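Q: The residues making up each chain are set out below.
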Amino acid sequence: MITARNLTKRYGQTVVLDDVSVEIPRGGITAMIGPNGAGKSTLLSLVGRLLKADGGTVEIDGVPTNGMKQSEFAKKVAILRQDNHLAVRLTVEDLVTFGRYPHSQGRPTVQDRGHVEAALDYLELQDLRHRFLDELSGGQRQRAFVAMVLCQDTDYVLLDEPLASLDMRHAVAMMKRMRGVTEDLGKTVVIVLHDINFAASYADTIVAMRDGRVVQHAVVDEVMTPEALRAIYDVDVHVEQIGGKPIGVYYT
Amino acid sequence: MSADARAIARRPAAARQLDRRRWGRFPPTVVIVVLCVVVAISIYLFMTLGARGSWSFIIPFRGRKVLGMLLVGTAISVSTVMFQTVTTNRILTPSIMGFDALYMLLQTCLAFFLGATSLTQLDGRMMFALETVGLMAFAGALYYWLFVVGHRSLHLLVLAGIVLGVMLRSVTNLLQRVMDPLTFAVLQDTFFASFNTFDANLLLPAGIVVGAALYAAWRMRHTLDILALGREMAMGLGVDYRRTVTQALAIITALVAVSTALVGPVTFFGLIVANLAYALLRSYRHRVIMPAAALLAAVVLILGQTVLERVLGLGTSLSVIVEFAGGLLFIYLVLRGVVR
Chain A
18 MITARNLTKR
28 YGQTVVLDDV
38 SVEIPRGGIT
48 AMIGPNGAGK
58 STLLSLVGRL
68 LKADGGTVEI
78 DGVPTNGMKQ
88 SEFAKKVAIL
98 RQDNHLAVRL
108 TVEDLVTFGR
118 YPHSQGRPTV
128 QDRGHVEAAL
138 DYLELQDLRH
148 RFLDELSGGQ
158 RQRAFVAMVL
168 CQDTDYVLLD
178 EPLASLDMRH
188 AVAMMKRMRG
198 VTEDLGKTVV
208 IVLHDINFAA
218 SYADTIVAMR
228 DGRVVQHAVV
238 DEVMTPEALR
248 AIYDVDVHVE
258 QIGGKPIGVY
268 YT
Chain B
60 MSADARAIAR
70 RPAAARQLDR
80 RRWGRFPPTV
90 VIVVLCVVVA
100 ISIYLFMTLG
110 ARGSWSFIIP
120 FRGRKVLGML
130 LVGTAISVST
140 VMFQTVTTNR
150 ILTPSIMGFD
160 ALYMLLQTCL
170 AFFLGATSLT
180 QLDGRMMFAL
190 ETVGLMAFAG
200 ALYYWLFVVG
210 HRSLHLLVLA
220 GIVLGVMLRS
230 VTNLLQRVMD
240 PLTFAVLQDT
250 FFASFNTFDA
260 NLLLPAGIVV
270 GAALYAAWRM
280 RHTLDILALG
290 REMAMGLGVD
300 YRRTVTQALA
310 IITALVAVST
320 ALVGPVTFFG
330 LIVANLAYAL
340 LRSYRHRVIM
350 PAAALLAAVV
360 LILGQTVLER
370 VLGLGTSLSV
380 IVEFAGGLLF
390 IYLVLRGVVR
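If you read the protein sequences in the order shown, they are chains A and B.
Taking my numbering, the leading residue of the first sequence gets 18, the next gets one more, and so forth.
Taking my numbering, the leading residue of the second sequence gets 60, the next gets one more, and so forth.
Derived from the structure by calculation, the hints contain no laboratory data.
Only a predicted model underlies this, so the values are computations on that prediction, with no experimental measurement involved.
Check each hint, because a few of them may be wrong.
To be verified - In silico SDA-like cross-links for lysine to any residue, where the CA-CA straight-line distance does not exceed 25 Å:
#1 A/Lys69 <-> B/Trp204
#2 A/Lys93 <-> A/Asn214
#3 A/Lys86 <-> B/Met186
#4 A/Lys69 <-> B/Thr303
#5 A/Lys86 <-> B/Arg302
#6 A/Lys92 <-> A/Gly54
#7 A/Lys92 <-> A/Tyr28
#8 A/Lys92 <-> A/Glu110
Work out the full structure, taking the sequences as your base and the hints as a guide.
A: In structure tokens form, the structure reads like this:
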């Protein structure tokens, strides 16, 4: 369980995260939704220790994270940010192998190699493994980064808009893989999404944010109502049940 | 099979051939062995070309120059590779932090306040210790102030270094304009790196400091690989970013300070050998890049000095030759897109 208490983050005078307390249960997919600038990425970065909070604490399974060593933390929580620009030229395999660093400290063992192979298989990257990242399409590169994060083999995986540059087929495949990761491997996935319908179709719970606060935190069906979505986005959304899933239509 | 896999299968055989050739071309160990041989040949040429007279004179006379060049070459190349990794930028060198500007200011102040005669009479070891400590204190204070106390970003640190460098250079210029021409002429000699005039008594203390710094650099070679991915990725992979970067900056400072105090400013050349090492090896691993850059630096310095002594008859200074040749090479590399 991830427990955030009274998290606050300011940039100068601007408060981007205002006294946020949220409990993300263990297991399953939690989707974070909300309009641009709502503080989703900031919250994810604070939980993933990429940013320092101006106030408040985060606990992972009851252990406060600010006392943890970075190397210990990286074995519990893996985080992938939105834009990952690299100055070095790496192949897909190199990148995925880096995911084992918290465990191998740069000297991969046979077991580490096994994890790398599994991650490459899992994201269908075997044919691309020797290609350089700068020669891949945005979607292929995105899959390589996700493979790296999965290779880290942590209980918690935090992903910031991993669907951003994926086409329909790969976006759906990615979300199915995340389901597989939670169901087969028992991991907890927290994922920032822009498309509410991806959240509705694949997540278990939804955390909705607006103006630096959590405005909704509930199971999918409770958030996917016209009233709740109106409160989050200021947009009228028509919600229809299609194939047993609530799907929002907001093209007006 | 995925769409990507099918796309790969459809790619012409020539393209696949190219893939295989490109990343399997020269295994890093082969490159390093070849470089070792080239270094040995350069040393042999430098020691024997135009050698007339007694070997008991030539060997220590030329040998100490070789040692000096190996020391400085290693220090400059390794510190440049590390600095580029820490800043995730392939076209920076530690000189951007104002090291050479401070060195020149120190020299100028000494000449200005003590006069040219005392500048040439000062005890070499004293000067060396003074300059090393001065440079390290300067960089240490800058790093500490910006990075540890101020919680500022690395980019601000680099920017502050550039601005400070400009300021130091202006002060240096001012002092040089008002000093007498004789003192200035003596002073000017110290501004170009030279392996002809350095004090052999300094080799041992310099060697100890450089050796310790290199050992520390070697120990963090795997962590440096991760640092090259940038701050956020490195933190996500469990690197204590602040501590690691502070460590790396301390090592860089020690290496640059010692080599600058020993022979004068030679930093552009670090940029050339670091990029050459990346271009030759096509690897991101510091465990091969750092030794390869150091070996390349040794080759460049020793061959450059040979040309200087045997062809140009000591008519100019080594940094002029190295930076002329290096600059041409670098432009070539940039145009060909090898350096990216």
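Q: Does each hint fit the structure? Answer for all of them.
A: Here is how each hint holds up against the structure:
Distance hint between lysine 69 of chain A and tryptophan 204 of chain B is fulfilled; the C-alpha atoms sit about 19 Å from each other, no more than 25 Å. Distance restraint check for lysine 93 of chain A and asparagine 214 of chain A: the Cα-Cα separation of roughly 29 Å exceeds the 25 Å cut-off, and the hinted pair is therefore not satisfied. At roughly 43 Å between alpha-carbon atoms, lysine 86 of chain A and methionine 186 of chain B are farther apart than 25 Å, so this suggested pair is violated. As the CA atoms of lysine 69 of chain A and threonine 303 of chain B are separated by approximately 18 Å, the hinted pair is consistent with the 25 Å bound.
Distance hint between lysine 86 of chain A and arginine 302 of chain B is fulfilled; the C-alpha atoms sit about 12 Å from each other, no more than 25 Å. Proximity of lysine 92 of chain A to glycine 54 of chain A is assessed by CA-CA distance (about 30 Å); at most 25 Å being required, the pair is judged violated. Restraint check for lysine 92 of chain A and tyrosine 28 of chain A: the C-alpha separation of about 29 Å exceeds 25 Å, so the hint is violated. At most 25 Å may separate the alpha-carbon atoms for a hinted pair to count; lysine 92 of chain A and glutamate 110 of chain A meet this at roughly 20 Å.
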